[in-house]
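> Take a look at the letters that make up each chain.
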Amino acid sequence: MLKRLYPFWLSLIILVFLNSSLSIATEKESLNGFNDILSFELQNGLKIVIWPDLGTEQVSMRKVYRVGSLQEKTGLTGIAHLFEHMMLRPSKYAPAGGLSFERTLGAKIGATTRFKTTDYYVTLGSEKLEEMIRYYADIMQNLPLDANMLKNEKEAVRSEYLIWDNSPFMALLPELTKSIYPGHLAENFITGQRKDLDAITAEDCLKFYKSYYAPNNAIIILTGNIDVKKTVPWIEKYFGSIPRGVEAQLPDDIQMNPKSRIAYKKILGTSNPIFIGYPIPFKGLQFPEDSALGLALSIVFSGPSSLVGNELINKSRMAADVSYHWSDLGFYFASIDLTGRNAQKAIENSDKAVLSLQNLSPAAYQRFAVAYQADLLRELQTPTQRADLLEQYMTHRNGIASLQIDLEAAKKISLEQVKAAAKKYLQVEHRIAVVGQPTDGVKK
Amino acid sequence: MKNFLIISIFLFGCASTNGPKLLKVKTPIMPLTRVTLYFPFGAGDEKPGEEGSTLLISKWMDSGSQKYPSMNKLNQANLGLGATITTQVHPRYTTVSVESPSDTFIEAWNLALEKVRHPYFAENELATARSTSFSLKKTVLNTWNLAGRQFAAAVAYAGSKEAHADVGTETALRSLTSDRLKIIYQETFGKGPAAILATQSIAPAAEKEILQSIAGWKSDFTLTKPKPIQPQGRNLIIVDRPDSTQAYLFFIKAGPFPGTEEQALAAIGTQILGSNGGNSSILFDELRAKRGLTYHASIQLTKSPKLQMLIGVTFGSNEKLEELAHLYLTEWEKFYANNSTSLFDLQQSDFAYRSMRARESETIADIMKTAAETFSVTGDVKPIWVTPQITQKKYEAAKTKWLSPEDFTLLAFGDKTKVKEILEKAIAPTRNTIILSESSDWDAVSQAVSELK
Chain F
30 MLKRLYPFWL
40 SLIILVFLNS
50 SLSIATEKES
60 LNGFNDILSF
70 ELQNGLKIVI
80 WPDLGTEQVS
90 MRKVYRVGSL
100 QEKTGLTGIA
110 HLFEHMMLRP
120 SKYAPAGGLS
130 FERTLGAKIG
140 ATTRFKTTDY
150 YVTLGSEKLE
160 EMIRYYADIM
170 QNLPLDANML
180 KNEKEAVRSE
190 YLIWDNSPFM
200 ALLPELTKSI
210 YPGHLAENFI
220 TGQRKDLDAI
230 TAEDCLKFYK
240 SYYAPNNAII
250 ILTGNIDVKK
260 TVPWIEKYFG
270 SIPRGVEAQL
280 PDDIQMNPKS
290 RIAYKKILGT
300 SNPIFIGYPI
310 PFKGLQFPED
320 SALGLALSIV
330 FSGPSSLVGN
340 ELINKSRMAA
350 DVSYHWSDLG
360 FYFASIDLTG
370 RNAQKAIENS
380 DKAVLSLQNL
390 SPAAYQRFAV
400 AYQADLLREL
410 QTPTQRADLL
420 EQYMTHRNGI
430 ASLQIDLEAA
440 KKISLEQVKA
450 AAKKYLQVEH
460 RIAVVGQPTD
470 GVKK
Chain L
848 MKNFLIISIF
858 LFGCASTNGP
868 KLLKVKTPIM
878 PLTRVTLYFP
888 FGAGDEKPGE
898 EGSTLLISKW
908 MDSGSQKYPS
918 MNKLNQANLG
928 LGATITTQVH
938 PRYTTVSVES
948 PSDTFIEAWN
958 LALEKVRHPY
968 FAENELATAR
978 STSFSLKKTV
988 LNTWNLAGRQ
998 FAAAVAYAGS
1008 KEAHADVGTE
1018 TALRSLTSDR
1028 LKIIYQETFG
1038 KGPAAILATQ
1048 SIAPAAEKEI
1058 LQSIAGWKSD
1068 FTLTKPKPIQ
1078 PQGRNLIIVD
1088 RPDSTQAYLF
1098 FIKAGPFPGT
1108 EEQALAAIGT
1118 QILGSNGGNS
1128 SILFDELRAK
1138 RGLTYHASIQ
1148 LTKSPKLQML
1158 IGVTFGSNEK
1168 LEELAHLYLT
1178 EWEKFYANNS
1188 TSLFDLQQSD
1198 FAYRSMRARE
1208 SETIADIMKT
1218 AAETFSVTGD
1228 VKPIWVTPQI
1238 TQKKYEAAKT
1248 KWLSPEDFTL
1258 LAFGDKTKVK
1268 EILEKAIAPT
1278 RNTIILSESS
1288 DWDAVSQAVS
1298 ELK
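These protein sequences, in sequence, are chains F and L. The first sequence stops at residue 473 when you use our numbering, and every number in between is there. The second sequence stops at residue 1300 when you use our numbering, and every number in between is there.
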């Protein structure tokens, strides 16, 4: 039975068809100027999205599990990320580990753990796609786990965490998360507590795997040179017989810190970074408010042309760079690279610039919106980029509908919508700032 | 094995005017147009005491033009076209690239020309340009991976033009006056580009506009092939990072010149040993997968055709540094001594290397960047990568010549009080050890290496 995967916008052209050459009903969504995007769902709940582009020789495949560090239990923080590493260890179809496909198939392999999802990705020549589909299906159900592999991977994870500890900018993100969600499990960040990492056993990993790594908790995204008539049967053949598992559940909501504050964090080096976080609802925003806020953030925080950029870089010369980022935990944050130490004043100026969005003229708005959609277009050039964007829109936004609107932002999102979204979510009363305090090379 | 990924950047359709040539580059068909102005000067051409002047001028040019006399006005004009205009300063050349949706490209091109030809150079904006340049320099110094790669060029090309980084020196960035910068502008950007590269899908009207606007605007350029230096023995340079709990290691030595069969064959070796930056190799398996000593261990030949270097990278905690550094070298030595790699393994590694490189040149911006690098080296339209005729004998010869673990410089970022003895012991015999302060930049590294025994 065909299931609708994602919320739709009524103006989208949606076709449901049973292609005579395919054994499964697929849903088709049109995206102006691009090939149609197909989606379908297997009986076991595995969802598949395919965006073909025959103008490239590469394919990109993403297997996104709706499981992340928010599924961790007290005493086992960090297990989601540690387990992400274990998924690339040796298995039946990859006796030298998943990463060995870089050597044998010329692939690019990787994975990312977030709060709500864990994402395994590969880009490689299209002729090797069936092998990767078979491999990903195998590790969904037959991953061997042993204590020795776990011991080595824990060490590699510790080494990875040192990058966070020793980087002036990266060290701020866990602090910001902690400041927004104090007292919640999420304050341990994705890296978890180091003592928990020591204590996690192979049995813990196996339990985590059996609990969450099931087809009904996953989405497969395929982009690039995809032969749909071959690929759909491969997916059915390799994934179709995997039984459903327990549905991964996220909490309905998590308690955030409701009050504005500024926290400070000692960092190594000589940089002067600030992160300013703006919480949004834990479950994300509804369509099309998500698009309106995305554009608002771009207007306010995207580079020297933005409102905050113009204020801090061009006018007051307090900063060298301004950008914005997103956390799937439920907040956006601006990253500001200060030229000096006047963080308090910079935050005040940033607050004023954010408020000035409410006075933006229609002509200025049109310029920002055109730039926003052009930037998005630049992110759709390669199979990897397209898979990245689809992953983001499918799992954390409101699907293709949001992507379509964003690509035509200047026409489809009004200035009033953007102002309303900014007024609601970019409030001074709820923003949390973390200021990096560099050691400047002075030893403790 | 189907070798469908032949990495090459195609340049074709050279249009001549009485100005610089316009070359078209084969790029994916997207509703985006990009044009790159290639200027035949770079950071390496800056005079002593003026290091960073090209970057500083480019940042000052960002602050407005005669038609758009402020940074905000210029930025707003950019935004309305969905355009980006970016300047990149390389050691031997500089590019200004303009990219926009194809339907607004002619206006974006004219905006870029306005910015390059008629900069406003407001006195009060020079402070912003200086501040931005300082911050860029600081960002590089505080991001170990960026600093390491920038310093690697200073190690391999110490004392020569290729050692020069775009961020210059703090002294020069502070002391360059507005009058002097205006004179330098006239001698550099003011003379116009030597060539112009355009995406293949550029509209005929845009092409015509470009050819008309560049007529009579021409500067010559010279073609040189730089050669890195290779200090004897094993040398250690530590850039101090007080209180750091980890150390970042860069093993640096001269590599083969890109565009040669030797380079392609040596790249097969670095693919086997350290996967040219990827995650499947001898080093990765031995150091991370089997022992968990590090998150990353690789070795690669530099991708830029302007720089011929071999760079090995790994990092780890201070506690495990001794084992990490020792094992890195042990595996390198074992790889070097092994002369029985099968032809199948060589072909597989060649394929993996080419696949990786192909993925790195997929966006229009990446392809145009590589095309500019190609152009600067060859002066014509030849691809910069060659397909090697792989035999075990030829591979072994290239490996022996270029991948020896005997002569290298180990550049380490870490707490000097914790890592010096460990690293000296790991790479023993250490010919020279140099300790640099946390604020040291590429210039300090270049000078230090120039003075090595």
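Since the hints were derived computationally from the structure, they do not count as laboratory data. Please note that a few of the clues may not be correct.
[To be verified] Dumping the calculated DSBU-like pairs for lysine-lysine here, alpha-carbon to alpha-carbon at most 30 Å:
1) L/1267 <-> F/440
2) F/381 <-> L/1267
3) L/914 <-> F/295
4) F/266 <-> F/294
5) L/1267 <-> F/294
[What the hints assert, rightly or not] Distance windows between CB atoms, simulated:
6) F/289 <-> L/971: 30 to 36 Å
7) F/278 <-> L/1108: 45 to 51 Å
8) F/167 <-> L/1234: 30 to 36 Å
9) F/84 <-> L/1276: 51 to 57 Å
10) F/313 <-> L/1170: 41 to 47 Å
11) L/1180 <-> F/344: 54 to 60 Å
12) L/873 <-> F/212: 53 to 59 Å
13) F/212 <-> L/1092: 26 to 32 Å
14) F/171 <-> L/1006: 39 to 45 Å
15) L/1280 <-> F/369: 15 to 21 Å
These numbers come from a predicted model, not from an experiment. Don't be surprised by glycine CBs; every beta carbon is placed ideally from N, CA and C.
> If a hint holds in the structure, say so; if it does not, say that too.
Cross-check of the supplied hints:
The hinted pair formed by residue 1267 of chain L and residue 440 of chain F fails the criterion: a straight-line CA distance of about 60 Å is larger than 30 Å. The straight-line distance between the Cα atoms of residue 381 of chain F and residue 1267 of chain L is roughly 49 Å, outside the 30 Å bound, and the hint therefore fails. Using a Cα cut-off of 30 Å, the hinted pair residue 914 of chain L and residue 295 of chain F is violated, with the two alpha carbons roughly 45 Å apart. About 52 Å separates the Cα atoms of residue 266 of chain F and residue 294 of chain F, which puts this hinted pair outside 30 Å; it is violated.
Between the alpha carbons of residue 1267 of chain L and residue 294 of chain F the distance comes to roughly 29 Å, so the proposed pair stays at or under 30 Å and holds. The supplied range of 30 to 36 Å is met by residue 289 of chain F and residue 971 of chain L, whose beta-carbon atoms lie about 34 Å from each other. Between residue 278 of chain F and residue 1108 of chain L the C-beta distance comes to about 58 Å, which lies outside the given range of 45 to 51 Å. Between residue 167 of chain F and residue 1234 of chain L the CB atoms are about 34 Å apart, so this pair conforms to the stated range of 30 to 36 Å.
Distance hint check for residue 84 of chain F and residue 1276 of chain L: the Cβ-Cβ separation is about 55 Å, which falls inside the suggested range of 51 to 57 Å. For residue 313 of chain F paired with residue 1170 of chain L, a C-beta distance near 45 Å keeps the hint of 41 to 47 Å intact. Look at residue 1180 of chain L against residue 344 of chain F: about 57 Å separates their beta carbons, and that is inside 54 to 60 Å. Between residue 873 of chain L and residue 212 of chain F the beta carbon distance is about 56 Å. The supplied range of 53 to 59 Å therefore holds.
The given range of 26 to 32 Å is respected by residue 212 of chain F and residue 1092 of chain L, whose C-beta atoms sit roughly 27 Å from each other. Range check, residue 171 of chain F to residue 1006 of chain L: Cβ separation about 57 Å, and the 39 to 45 Å hint is violated. Between residue 1280 of chain L and residue 369 of chain F, the C-beta spacing of about 35 Å breaks the proposed range 15 to 21 Å.
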